[in-house]
Amino acid sequence: MDEIKLKSFPKDFIFGVSTSAYQIEGGYDADGKGENIWDHYTNKYPKLFKNANGNIACDSYTKFREDVALVDDLGVDFYRFSVSWSRILPNGHCNVINEKGIQYYNNIIDALTDKGIQPMITMFHWDLPMPLQRLGGWTNPLIVQWFKDYARILFSRFGDRVKLWVTVNKSETGYCDDGFPPFINQPGIADYLLNHHTLLAHAETYHMYKEEFLAKQHGKVQATYFWIAILLLCFDILRGFRGISRQNPSTVILKIWKPKRKRPSARIVCIKHLYLCHKISSRVTCINF
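Quick note, the sequence shown lines up with residues 3 to 291 if you use our numbering.
Honestly, I wouldn't trust all of these hints.
[Unchecked claim] In silico lysine-lysine, DSS-like type, Cα no more than 30 Å apart, as pairs:
(1) Lys117 - Lys46
(2) Lys218 - Lys117
(3) Lys117 - Lys52
(4) Lys165 - Lys150
(5) Lys222 - Lys212
(6) Lys150 - Lys222
(7) Lys212 - Lys65
(8) Lys102 - Lys172
(9) Lys172 - Lys212
[To be verified] Simulated restraints, written as ranges between beta carbons of each label pair:
(10) Phe17 - Asp61: 22 to 28 Å
(11) Phe185 - Lys117: 26 to 32 Å
(12) Gly181 - Ser20: 21 to 27 Å
(13) Leu76 - Lys9: 17 to 23 Å
(14) Val19 - Leu144: 33 to 39 Å
Just so you know, these hints were derived from the structure itself, not from any lab. Cβ atoms here follow ideal geometry from the backbone N, Cα and C, with glycine treated the same way.
Kindly produce the complete structure, drawing on both the sequences and the hints.
As C-alpha coordinates, then:
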(Lines of atoms letter the chains of each structure in order from A; the text may use other names.)
(Lines give C-alpha, C1' and ligand atoms only; values in the text may rest on other atoms or scores of the structure.)
Protein backbone atom coordinates (compact mmCIF):
# COMPACT_ATOMS: atom_id res chain seq x y z
CA MET A 3 0.00 0.00 0.00
CA ASP A 4 1.30 3.42 -0.87
CA GLU A 5 2.38 5.50 2.04
CA ILE A 6 -0.23 8.05 3.03
CA LYS A 7 1.29 11.47 3.33
CA LEU A 8 -0.47 13.70 5.79
CA LYS A 9 -0.30 17.44 5.49
CA SER A 10 -1.54 19.90 8.04
CA PHE A 11 -3.40 23.11 7.32
CA PRO A 12 -1.48 26.36 7.70
CA LYS A 13 -1.58 27.81 11.19
CA ASP A 14 -3.54 30.81 9.95
CA PHE A 15 -6.16 28.68 8.12
CA ILE A 16 -9.66 29.59 9.27
CA PHE A 17 -12.34 26.92 9.59
CA GLY A 18 -16.01 27.75 9.52
CA VAL A 19 -19.54 26.54 8.82
CA SER A 20 -22.52 28.25 7.25
CA THR A 21 -26.30 28.32 7.06
CA SER A 22 -28.96 30.45 5.39
CA ALA A 23 -31.95 32.13 6.99
CA TYR A 24 -34.80 30.42 5.17
CA GLN A 25 -33.27 26.99 5.57
CA ILE A 26 -32.98 27.11 9.35
CA GLU A 27 -34.80 30.01 11.01
CA GLY A 28 -38.51 29.24 10.79
CA GLY A 29 -40.61 31.93 12.46
CA TYR A 30 -41.77 32.88 8.99
CA ASP A 31 -44.41 35.32 10.26
CA ALA A 32 -43.14 35.92 13.80
CA ASP A 33 -42.61 39.28 15.47
CA GLY A 34 -43.31 41.51 12.49
CA LYS A 35 -41.38 39.62 9.81
CA GLY A 36 -42.58 40.28 6.27
CA GLU A 37 -43.24 37.75 3.53
CA ASN A 38 -40.40 36.66 1.26
CA ILE A 39 -40.64 34.82 -2.05
CA TRP A 40 -40.13 31.41 -0.46
CA ASP A 41 -42.80 32.06 2.16
CA HIS A 42 -45.17 33.12 -0.58
CA TYR A 43 -44.71 30.30 -3.06
CA THR A 44 -44.36 27.41 -0.61
CA ASN A 45 -47.54 28.38 1.21
CA LYS A 46 -49.61 29.43 -1.81
CA TYR A 47 -48.55 26.54 -4.06
CA PRO A 48 -47.67 23.73 -1.63
CA LYS A 49 -47.95 20.95 -4.23
CA LEU A 50 -44.99 22.42 -6.10
CA PHE A 51 -42.86 21.68 -3.04
CA LYS A 52 -44.47 18.39 -1.97
CA ASN A 53 -46.09 20.29 0.91
CA ALA A 54 -42.70 21.20 2.36
CA ASN A 55 -41.92 24.72 3.55
CA GLY A 56 -39.68 26.69 5.85
CA ASN A 57 -42.39 27.95 8.19
CA ILE A 58 -40.68 26.17 11.09
CA ALA A 59 -37.58 24.67 9.44
CA CYS A 60 -34.96 24.01 12.15
CA ASP A 61 -36.71 26.51 14.44
CA SER A 62 -33.50 28.43 14.86
CA TYR A 63 -35.57 31.55 15.49
CA THR A 64 -36.32 30.22 18.98
CA LYS A 65 -33.38 27.81 19.36
CA PHE A 66 -30.49 29.95 18.14
CA ARG A 67 -28.62 29.59 21.44
CA GLU A 68 -28.64 25.82 21.04
CA ASP A 69 -27.40 26.26 17.48
CA VAL A 70 -24.56 28.51 18.61
CA ALA A 71 -23.61 25.88 21.19
CA LEU A 72 -23.49 23.26 18.43
CA VAL A 73 -21.27 25.51 16.34
CA ASP A 74 -19.03 26.02 19.35
CA ASP A 75 -18.76 22.24 19.85
CA LEU A 76 -17.36 21.96 16.32
CA GLY A 77 -14.43 24.15 17.32
CA VAL A 78 -14.64 26.33 14.22
CA ASP A 79 -13.34 29.87 13.94
CA PHE A 80 -16.28 31.56 12.23
CA TYR A 81 -19.95 31.05 11.49
CA ARG A 82 -21.49 32.41 8.33
CA PHE A 83 -25.24 32.95 8.39
CA SER A 84 -27.62 34.96 6.27
CA VAL A 85 -29.94 37.70 7.41
CA SER A 86 -33.54 37.57 6.25
CA TRP A 87 -34.13 40.86 4.41
CA SER A 88 -37.86 40.65 5.17
CA ARG A 89 -37.23 40.10 8.89
CA ILE A 90 -35.34 43.40 9.02
CA LEU A 91 -37.45 45.33 6.49
CA PRO A 92 -40.93 43.75 6.32
CA ASN A 93 -41.90 45.52 3.09
CA GLY A 94 -38.40 45.41 1.64
CA HIS A 95 -37.89 49.16 1.92
CA CYS A 96 -36.01 51.06 4.61
CA ASN A 97 -38.99 53.19 5.67
CA VAL A 98 -40.16 50.42 8.04
CA ILE A 99 -37.56 48.72 10.25
CA ASN A 100 -38.53 45.72 12.38
CA GLU A 101 -36.66 46.23 15.65
CA LYS A 102 -37.52 42.73 16.85
CA GLY A 103 -35.75 41.38 13.80
CA ILE A 104 -32.74 43.56 14.58
CA GLN A 105 -32.73 42.22 18.14
CA TYR A 106 -32.86 38.62 16.94
CA TYR A 107 -29.67 39.02 14.92
CA ASN A 108 -28.04 41.05 17.67
CA ASN A 109 -28.67 38.11 19.99
CA ILE A 110 -27.05 35.68 17.55
CA ILE A 111 -24.03 37.91 17.02
CA ASP A 112 -23.54 38.42 20.75
CA ALA A 113 -23.90 34.69 21.45
CA LEU A 114 -21.24 33.94 18.84
CA THR A 115 -18.77 36.56 20.02
CA ASP A 116 -19.24 35.39 23.62
CA LYS A 117 -17.99 31.98 22.44
CA GLY A 118 -15.08 33.51 20.54
CA ILE A 119 -16.66 32.66 17.18
CA GLN A 120 -16.37 35.29 14.47
CA PRO A 121 -19.70 36.07 12.78
CA MET A 122 -19.88 36.42 9.00
CA ILE A 123 -23.11 37.79 7.56
CA THR A 124 -24.59 37.08 4.14
CA MET A 125 -27.01 39.88 3.29
CA PHE A 126 -28.99 38.03 0.64
CA HIS A 127 -29.43 34.29 0.14
CA TRP A 128 -32.41 33.73 -2.18
CA ASP A 129 -35.18 35.05 0.12
CA LEU A 130 -36.13 38.37 -1.49
CA PRO A 131 -39.00 40.26 0.17
CA MET A 132 -42.18 39.55 -1.77
CA PRO A 133 -43.14 43.24 -2.11
CA LEU A 134 -39.88 43.80 -4.02
CA GLN A 135 -40.47 40.75 -6.18
CA ARG A 136 -43.84 42.15 -7.21
CA LEU A 137 -41.91 45.14 -8.53
CA GLY A 138 -39.66 42.91 -10.64
CA GLY A 139 -37.15 41.77 -8.06
CA TRP A 140 -33.60 41.60 -9.37
CA THR A 141 -34.72 42.54 -12.89
CA ASN A 142 -35.69 46.03 -11.69
CA PRO A 143 -32.74 48.48 -11.75
CA LEU A 144 -34.15 50.21 -8.66
CA ILE A 145 -33.16 47.18 -6.61
CA VAL A 146 -29.57 48.44 -6.62
CA GLN A 147 -30.64 51.31 -4.36
CA TRP A 148 -33.04 49.14 -2.36
CA PHE A 149 -30.22 46.73 -1.58
CA LYS A 150 -27.83 49.54 -0.73
CA ASP A 151 -30.35 51.00 1.74
CA TYR A 152 -30.80 47.57 3.34
CA ALA A 153 -27.04 47.03 3.54
CA ARG A 154 -26.53 50.40 5.22
CA ILE A 155 -28.90 49.35 8.00
CA LEU A 156 -26.97 46.10 8.52
CA PHE A 157 -23.63 47.90 8.63
CA SER A 158 -24.91 50.52 11.07
CA ARG A 159 -26.59 48.03 13.41
CA PHE A 160 -24.17 45.09 13.32
CA GLY A 161 -20.88 46.41 11.94
CA ASP A 162 -19.37 47.10 15.35
CA ARG A 163 -19.10 43.31 15.84
CA VAL A 164 -19.35 41.86 12.32
CA LYS A 165 -16.19 42.32 10.24
CA LEU A 166 -16.85 39.85 7.42
CA TRP A 167 -19.68 40.50 4.98
CA VAL A 168 -21.06 38.74 1.90
CA THR A 169 -23.45 40.89 -0.11
CA VAL A 170 -25.18 38.35 -2.38
CA ASN A 171 -25.04 34.58 -2.56
CA LYS A 172 -25.94 32.84 -5.84
CA SER A 173 -28.77 35.24 -6.59
CA GLU A 174 -29.47 33.87 -10.09
CA THR A 175 -31.58 30.98 -8.78
CA GLY A 176 -35.11 31.09 -10.20
CA TYR A 177 -34.47 33.61 -12.96
CA CYS A 178 -33.57 31.34 -15.88
CA ASP A 179 -35.71 28.29 -15.13
CA ASP A 180 -38.87 27.26 -13.33
CA GLY A 181 -37.19 25.15 -10.67
CA PHE A 182 -37.12 27.65 -7.80
CA PRO A 183 -38.93 30.81 -6.72
CA PRO A 184 -39.55 33.32 -8.17
CA PHE A 185 -40.03 31.03 -11.23
CA ILE A 186 -38.99 33.59 -13.84
CA ASN A 187 -38.21 31.27 -16.72
CA GLN A 188 -36.66 33.81 -19.08
CA PRO A 189 -33.09 32.68 -19.83
CA GLY A 190 -31.08 35.18 -21.78
CA ILE A 191 -33.15 38.06 -20.44
CA ALA A 192 -33.96 37.82 -16.74
CA ASP A 193 -30.68 36.17 -15.78
CA TYR A 194 -28.66 38.85 -17.59
CA LEU A 195 -30.63 41.63 -15.90
CA LEU A 196 -30.23 39.90 -12.55
CA ASN A 197 -26.48 39.44 -12.87
CA HIS A 198 -26.07 43.03 -14.00
CA HIS A 199 -28.04 44.40 -11.06
CA THR A 200 -26.45 42.13 -8.45
CA LEU A 201 -23.00 43.21 -9.59
CA LEU A 202 -24.06 46.85 -9.40
CA ALA A 203 -25.63 46.29 -5.98
CA HIS A 204 -22.46 44.65 -4.73
CA ALA A 205 -20.29 47.43 -6.14
CA GLU A 206 -22.44 50.22 -4.72
CA THR A 207 -22.52 48.50 -1.32
CA TYR A 208 -18.76 47.93 -1.39
CA HIS A 209 -18.06 51.60 -2.09
CA MET A 210 -20.66 52.74 0.43
CA TYR A 211 -18.99 50.65 3.14
CA LYS A 212 -15.58 51.94 2.15
CA GLU A 213 -16.71 55.56 2.27
CA GLU A 214 -19.00 55.47 5.31
CA PHE A 215 -17.97 52.60 7.59
CA LEU A 216 -14.52 51.19 6.83
CA ALA A 217 -12.48 53.69 8.82
CA LYS A 218 -14.38 52.90 12.00
CA GLN A 219 -15.39 49.27 11.55
CA HIS A 220 -12.40 47.83 9.62
CA GLY A 221 -14.42 45.09 7.94
CA LYS A 222 -14.31 43.33 4.57
CA VAL A 223 -17.07 43.09 1.95
CA GLN A 224 -17.25 40.39 -0.72
CA ALA A 225 -19.79 38.44 -2.77
CA THR A 226 -20.44 34.81 -3.68
CA TYR A 227 -21.37 34.01 -7.26
CA PHE A 228 -22.39 30.74 -8.84
CA TRP A 229 -19.45 30.14 -11.16
CA ILE A 230 -21.32 27.73 -13.45
CA ALA A 231 -23.81 30.47 -14.33
CA ILE A 232 -20.95 32.85 -15.02
CA LEU A 233 -19.24 30.25 -17.20
CA LEU A 234 -22.37 29.73 -19.27
CA LEU A 235 -22.60 33.47 -19.75
CA CYS A 236 -18.96 33.57 -20.79
CA PHE A 237 -19.46 30.77 -23.30
CA ASP A 238 -22.30 32.72 -24.89
CA ILE A 239 -20.07 35.77 -25.23
CA LEU A 240 -17.10 33.79 -26.50
CA ARG A 241 -18.95 32.07 -29.32
CA GLY A 242 -18.06 34.93 -31.63
CA PHE A 243 -14.42 35.12 -30.55
CA ARG A 244 -11.74 33.77 -32.90
CA GLY A 245 -8.30 32.55 -32.07
CA ILE A 246 -9.35 30.48 -29.07
CA SER A 247 -9.46 26.79 -29.78
CA ARG A 248 -8.93 23.43 -28.21
CA GLN A 249 -5.34 23.45 -29.45
CA ASN A 250 -4.71 26.97 -28.26
CA PRO A 251 -5.59 27.36 -24.58
CA SER A 252 -5.29 30.91 -23.38
CA THR A 253 -6.15 33.21 -20.55
CA VAL A 254 -9.23 35.26 -21.22
CA ILE A 255 -10.27 38.28 -19.21
CA LEU A 256 -13.80 39.41 -19.91
CA LYS A 257 -15.05 42.83 -18.92
CA ILE A 258 -18.62 41.68 -19.09
CA TRP A 259 -20.25 44.76 -17.64
CA LYS A 260 -18.72 48.13 -18.48
CA PRO A 261 -18.76 50.29 -15.34
CA LYS A 262 -19.82 53.91 -15.17
CA ARG A 263 -17.46 54.41 -12.25
CA LYS A 264 -14.61 52.44 -10.80
CA ARG A 265 -15.99 49.09 -9.66
CA PRO A 266 -14.39 46.46 -7.48
CA SER A 267 -13.07 43.52 -9.41
CA ALA A 268 -16.34 41.58 -9.15
CA ARG A 269 -17.03 42.72 -12.72
CA ILE A 270 -14.10 40.74 -14.11
CA VAL A 271 -14.12 37.00 -14.58
CA CYS A 272 -10.75 35.45 -15.31
CA ILE A 273 -10.81 32.03 -16.91
CA LYS A 274 -7.50 30.24 -17.27
CA HIS A 275 -7.02 27.72 -20.05
CA LEU A 276 -10.52 27.97 -21.48
CA TYR A 277 -11.49 25.60 -24.30
CA LEU A 278 -14.44 26.34 -26.53
CA CYS A 279 -15.24 22.65 -26.46
CA HIS A 280 -16.65 23.49 -23.01
CA LYS A 281 -13.90 21.60 -21.27
CA ILE A 282 -11.93 23.28 -18.52
CA SER A 283 -8.52 21.75 -17.99
CA SER A 284 -7.41 24.16 -15.34
CA ARG A 285 -9.09 26.24 -12.72
CA VAL A 286 -11.67 28.98 -12.84
CA THR A 287 -10.82 31.98 -10.75
CA CYS A 288 -13.09 34.79 -9.68
CA ILE A 289 -10.93 37.81 -8.86
CA ASN A 290 -10.93 38.91 -5.22
CA PHE A 291 -13.37 41.59 -4.21
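Taking the hints in turn, this is what the structure says about them:
1. Lys117 - Lys46: violated, 40 Å
2. Lys218 - Lys117: Holds: Lys218 and Lys117 sit about 24 Å apart, inside 30 Å.
3. Lys117 - Lys52: violated, 39 Å
4. Lys165 - Lys150: holds, 18 Å
5. Lys222 - Lys212: holds, 9 Å
6. Lys150 - Lys222: holds, 16 Å
7. Lys212 - Lys65: violated, 35 Å
8. Lys102 - Lys172: Distance of about 27 Å is within 30 Å: holds.
9. Lys172 - Lys212: holds, 23 Å
10. Phe17 - Asp61: 22 to 28 Å: Because 26 Å falls inside the window, the suggested range holds.
11. Phe185 - Lys117: 26 to 32 Å: violated, 40 Å
12. Gly181 - Ser20: 21 to 27 Å: holds, 22 Å
13. Leu76 - Lys9: 17 to 23 Å: holds, 21 Å
14. Val19 - Leu144: 33 to 39 Å: This hint holds: roughly 35 Å between Cβ atoms.
The structure is inconsistent with the numbered hints 1, 3, 7 and 11, although it conforms to all the rest.
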